[in-house]
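Chemist: Protein chains in written order, with the UniProt record's numbering: chain X, 1 to 363; chain B, 1 to 363.
Bear in mind the hints are in silico, worked out from the structure with no lab data behind them.
Be a bit skeptical, because a hint or two may be false.
The list treats identical chains as one, so a pair stands whether inside a single copy or across any two.
Below, simulated DSS-like cross-link-like pairs (lysine-lysine); rule was C-alpha separation at most 27 Å, straight line [said to hold, decoys possible]:
1. K281 to K27
2. K78 to K328
3. K78 to K345
4. K277 to K334
5. K339 to K27
6. K124 to K51
7. K76 to K124
8. K27 to K120
9. K78 to K329
10. K51 to K27
11. K78 to K124
12. K78 to K51
13. K51 to K329
14. K325 to K339
15. K339 to K78
16. K27 to K345
Being a predicted model, the structure only gives us computed values, none of them experimental.
2 protein chains.
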Amino acid sequence: MIFLLLAVELVINLFDLKKVTILDIAKELNITFSTVARALNDHPAISAATKQSVRETAERLGYRPNKVASSLRSGKTKIIGILVPRLDVSFFSSVVHGVEGVMNENGYTILLYQSQESLKQENKGIETFLRSRVDGIIASISLETEVAGSYAEIRDRNIPLAFFDRVPPELNVPSVTIDDYRGGFMATEHLIASGYRRIVHINQYRNINIFNERLRGYLDALERYGIPVDERLIIRGDFSLEFGRQCVRDLLAEGIDFDAVFTLEDFTAMGVVQELKASGKRIPEEVGVVGFANEAFTSLVSPTISTVDQRTVEMGEEIARLFLKLLKKGDYYKHKPEKLVLEPKLLIRESSSRRHFPPSSGR
Amino acid sequence: MIFLLLAVELVINLFDLKKVTILDIAKELNITFSTVARALNDHPAISAATKQSVRETAERLGYRPNKVASSLRSGKTKIIGILVPRLDVSFFSSVVHGVEGVMNENGYTILLYQSQESLKQENKGIETFLRSRVDGIIASISLETEVAGSYAEIRDRNIPLAFFDRVPPELNVPSVTIDDYRGGFMATEHLIASGYRRIVHINQYRNINIFNERLRGYLDALERYGIPVDERLIIRGDFSLEFGRQCVRDLLAEGIDFDAVFTLEDFTAMGVVQELKASGKRIPEEVGVVGFANEAFTSLVSPTISTVDQRTVEMGEEIARLFLKLLKKGDYYKHKPEKLVLEPKLLIRESSSRRHFPPSSGR
């Protein structure tokens, strides 16, 4: 298939033949325009023999696919590229699992590429997928990606593209995300309802939309329940287990009063838990902890860590379904892109399950 | 690059030109045969300008690569496919990390494919990589893969292939593995040295070499220290956290006496720890636990779980280096394949750190 397309393009490139249209092929074979178009699109209603003769004629006449090139190409390799920051965190590997389930059922194969949170690597991944002639790309952007860049090029080349979770700001293509604002709000509201008042929020220093939204949810929950915002309780850094430990060490060293920590993701929460334990603080009696992402380890450690589940498998399945729809359309970006926002799910575990708290701090 | 090759083949296909050789190109450009050959092989000693003119001439004359097609192809896409059972376990994602580090430094891009432990999916992955024109494949086989099958075809097509960790039995290609026998022996010896005598071993029911070797290490350690083998203590199943829990439930229900559990991998060990805790057994005082693989969570849970580290990043780096050597050879399988075996590393953590054990059971 690909070979044919390249072949056709090549003949043009090498010998510069005059512009040949689908009508020329139809006339030559004495069949309808529509039959030729569908044959070139590998439509199941057209017999293999007809497809064969259409292709041979297209080749012989030097037909150049032109506008239909991409739709011709789509469905040809049956390979979809998924570009993610990394696969060694449950969040991404679990979404990928969801995508693979639906895509495999529909006869597609998935190739994966890790950007390692690097913009340079991400661009290389896009280039590699295009060279591998994937039918489309599903992506979640790296932390370094602040503009659409290479992604805009994919769209401009009319190759199907969709995003999940981390979406570049200005690019208008389909996406599935969760409501990060709601996640931040729910986590904070739960801590407030459990009687915590001095709630630290650890976030990220970069301008990443999903993390900004979690912060906004935290701030709105505080406001809703009349708890003043203390800027010293909002910490920004590069999330990791070690950063979580560092934050607790700093808070304790500076004597800042706090009774709960809500972190933007789970590894940081794990570090917070480790350092609190090392400092002899009782969780959840003295300090409550809530993470974000429902990483596999959060249900295995002691205490188990409360977290916000992002419905990863469902997110993967939804983006796959949305993408299959996209693949069926001829001109992907002429239509208003579907943007699905899933509701996150708060998982209350041991690290924030305080039943007896000081009445003074109760609601 | 690919385009050129296809282009060249195409011109031949479409217009059936007479057979053109490297000599024709050399004569045309007034350079040596060797320069043309090296230019076509993208040799670093040849200038970009020469390569360009060789390619243009090859194109113009309709040169068909023929026997050198594969070596021409190698190094052209600069894409390497890595096929692994799954990426949501630390072991595989960590090896991949090691491979990517070395390969990226050397200008290669990595595409990933998950077989999901299914032979059918694995074959689809191989096919997809070949269609994507990867320069070679690095793989670790699925649990269902008992013969070389599609892998033999890759080798027969003279496309570079290497394995890590899980290697198909009869295929003679390069590989990097760890000494699983040593791992099983070390884990068991450590439990014996800590005074445990009734050591359960949970293994896998399939005929997978690496797991058989861990069992062999267990048996030899028992023999070395004069501890009789009790068949009731050797359990086989499909490893998982749930299976680990089930094993402990069964052992307790059947009243089988045991004071330690060595599992073939860490998720099973995690299940063993959970069920022992649920049954009120003290770890490591009453029962010691050792897993295998050093999954990320084993150092986060409580008690931390002793395990056998497989030096994953190093394994990835070594297989990448070995693979780069392979890529440089013209005829990959004419040479005796390098097979590197790494020594595993026992990590003694809380789950087996018994200091005071009954003198009767001491060594």
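Chemist: Work down the list of hints and note, for each, if the structure agrees.
Modeler: Now for the hints, and whether the structure bears them out:
In this homomeric assembly, K281 and K27 never come within 27 Å of each other (Cα to Cα): the closest approach is 83 Å inside a single copy and 82 Å across copies. In this homomeric assembly, K78 and K328 come within 27 Å of each other (Cα to Cα) only inside a single copy, at 12 Å, whereas the closest approach across copies is 31 Å. Taking the shortest alpha-carbon separations for K78 and K345, neither the intra-copy value of 34 Å nor the inter-copy value of 42 Å comes in at or below 27 Å. Taking the closest pair of Cα atoms, K277 and K334 never come within 27 Å of each other, the shortest separation being 55 Å inside a single copy and 58 Å across copies.
In the homo-oligomer, the alpha carbons of K339 and K27 never lie at most 27 Å apart, since the shortest distance is 43 Å inside one protomer and 60 Å across protomers. For the identical chains of this complex, K124 and K51 are inter-copy neighbours only, at 23 Å across copies versus 35 Å inside a copy, given an alpha-carbon limit of 27 Å. With identical chains, the CA atoms of K76 and K124 are at most 27 Å apart both within one copy (23 Å) and between copies (15 Å). With identical chains, the CA atoms of K27 and K120 are never at most 27 Å apart, being 49 Å at best within one copy and 42 Å at best between copies.
When the C-alpha separation of K78 and K329 is checked against a cutoff of 27 Å, the pair qualifies only within one copy, where the shortest distance is 15 Å, while the shortest distance between copies is 32 Å. Within a single copy, K51 and K27 get their C-alpha atoms as close as 15 Å, which meets the 27 Å cut-off; across copies the closest is 42 Å, which misses it. In this homomeric assembly, K78 and K124 come within 27 Å of each other (Cα to Cα) both inside a single copy, at 21 Å, and across copies, at 11 Å. In this homomeric assembly, K78 and K51 come within 27 Å of each other (Cα to Cα) only inside a single copy, at 17 Å, whereas the closest approach across copies is 33 Å.
In this assembly of identical chains, the alpha carbons of K51 and K329 lie at most 27 Å apart only when taken from the same copy (20 Å versus 41 Å across copies). Within a single copy, K325 and K339 get their C-alpha atoms as close as 13 Å, which meets the 27 Å cut-off; across copies the closest is 47 Å, which misses it. Only within a single protomer do K339 and K78 lie at most 27 Å apart by alpha-carbon distance; the minimum there is 24 Å, versus 35 Å between protomers. In the homo-oligomer, the alpha carbons of K27 and K345 never lie at most 27 Å apart, since the shortest distance is 59 Å inside one protomer and 71 Å across protomers.
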